[in-house]
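2 protein chains.
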Amino acid sequence: MHHQTLVVKMGLLSWEGQLKRVTSLLNTLTDEQLSQEIAPGRNTGAYLIGHLIAVHDGIVPLFGLGEKLHPELEEIYITSPDRSGKKTPSITQLRELWKEVHAHLEQRLATLTEEQWFQRHMSVSEEDFQKEPHRNRLNVLIGRAIHISYHLGQLILLKN
Amino acid sequence: MHHQTLVVKMGLLSWEGQLKRVTSLLNTLTDEQLSQEIAPGRNTGAYLIGHLIAVHDGIVPLFGLGEKLHPELEEIYITSPDRSGKKTPSITQLRELWKEVHAHLEQRLATLTEEQWFQRHMSVSEEDFQKEPHRNRLNVLIGRAIHISYHLGQLILLKN
Numbered sequence: 004m005h006h007q008t009l010v011v012k013m014g015l016l017s018w019e020g021q022l023k024r025v026t027s028l029l030n031t032l033t034d035e036q037l038s039q040e041i042a043p044g045r046n047t048g049a050y051l052i053g054h055l056i057a058v059h060d061g062i063v064p065l066f067g068l069g070e071k072l073h074p075e076l077e078e079i080y081i082t083s084p085d086r087s088g089k090k091t092p093s094i095t096q097l098r099e100l101w102k103e104v105h106a107h108l109e110q111r112l113a114t115l116t117e118e119q120w121f122q123r124h125m126s127v128s129e130e131d132f133q134k135e136p137h138r139n140r141l142n143v144l145i146g147r148a149i150h151i152s153y154h155l156g157q158l159i160l161l162k163n
Numbered sequence: 004m005h006h007q008t009l010v011v012k013m014g015l016l017s018w019e020g021q022l023k024r025v026t027s028l029l030n031t032l033t034d035e036q037l038s039q040e041i042a043p044g045r046n047t048g049a050y051l052i053g054h055l056i057a058v059h060d061g062i063v064p065l066f067g068l069g070e071k072l073h074p075e076l077e078e079i080y081i082t083s084p085d086r087s088g089k090k091t092p093s094i095t096q097l098r099e100l101w102k103e104v105h106a107h108l109e110q111r112l113a114t115l116t117e118e119q120w121f122q123r124h125m126s127v128s129e130e131d132f133q134k135e136p137h138r139n140r141l142n143v144l145i146g147r148a149i150h151i152s153y154h155l156g157q158l159i160l161l162k163n
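Protein chains in written order, with the numbering used here: chain A, 4 to 163; chain B, 4 to 163.
Chain A extracted, bound-state conformation (with noise of 0.2 Å):
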């Protein structure tokens, strides 16, 4: 297999397996169970998981691959904290919208092709990207499979 597709594929691999960790937990987890901090005076496990819903709905444009399906969320799950006072979704909501954003998503990352993904994202300029030529769709991706697992060492507390 040629490196690029190979390493198109390890970064995929790395999110997915991220993804579905979080996904596993969240179906061992009663509402109840999410909506405690992961420890004394921390975020809640429903706070998390709205604040990787709305940074992985954020994907879409970051990549050029169109909308967010749900802008409203970044207001609450990453301009604000936890406890800021904005009416935020429910729990069971959150699980749906879980779902929803991340279908989407993979959806839209299934039609990049593999030198795209070696391409610049949209928060960096022409000029930037020839000096730091990492700056690339994949290498986002992998940090934000990065950033997931940071969250996910923390939902894993809410855990007996």
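To be clear, the hints were calculated from the coordinates, so they are not data collected in a lab. On a predicted model such as this, the values are computed, not experimentally measured, just so you know. Among these hints, one or two may not hold up.
Heads up, the list lumps identical chains together, so a pair's fine if it works in one copy or across two of them.
DSBU-like, lysine-lysine: derived pairs with alpha carbons at most 30 Å apart [claimed, not checked]:
| hint | residue 1 | residue 2 |
| --- | --- | --- |
| 1 | K162 | K102 |
| 2 | K102 | K12 |
| 3 | K90 | K134 |
| 4 | K12 | K23 |
| 5 | K23 | K134 |
| 6 | K89 | K162 |
| 7 | K102 | K89 |
| 8 | K162 | K134 |
| 9 | K102 | K71 |
Given chain A, put chain B in place with the hints provided.
What follows is chain B alone, placed relative to chain A:
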């Protein structure tokens, strides 16, 4: 830049970025904070740091680059849970081990050629590697960056 050169760089930057985040955190946490549990009844900061050191020391033989510096850490921090009753290094010693193991690993990784990053690591057979060519050294390094992030999401809870 050729894609192969680029992806090795992407993998190394991800790995080094996560390592630096833990090193910075370590430098801001007191011995007292590191000896605390990340959440009630969970692993201590010291155990998680020891765990990362032991896992990273294990990359050296896994990549066929020589022996571990501290094989005795595996039993304490990988095969045993926290509070196993085994004699553990002090937090001062852990801080030294962190530097020592990563300096050694960095020096060993620097000897790898680009081609070697795409070759199988020592726990994959030649036969399995034919079927799953993504199971190469670079993929393991990305997986280890993801693993760091998981525990970093927990270690950060030690901060006030």
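Now the hints, each set against the structure:
no.	hint	result
1	K162 x K102	within (21 Å within a copy, 33 Å between copies)
2	K102 x K12	within (22 Å within a copy, 33 Å between copies)
3	K90 x K134	neither (43 Å within a copy, 49 Å between copies)
4	K12 x K23	both (16 Å within a copy, 27 Å between copies)
5	K23 x K134	between (34 Å within a copy, 22 Å between copies)
6	K89 x K162	both (27 Å within a copy, 26 Å between copies)
7	K102 x K89	within (23 Å within a copy, 44 Å between copies)
8	K162 x K134	neither (45 Å within a copy, 36 Å between copies)
9	K102 x K71	within (14 Å within a copy, 43 Å between copies)
Comparing the model with each numbered hint stated earlier shows that hints 3 and 8 do not hold.
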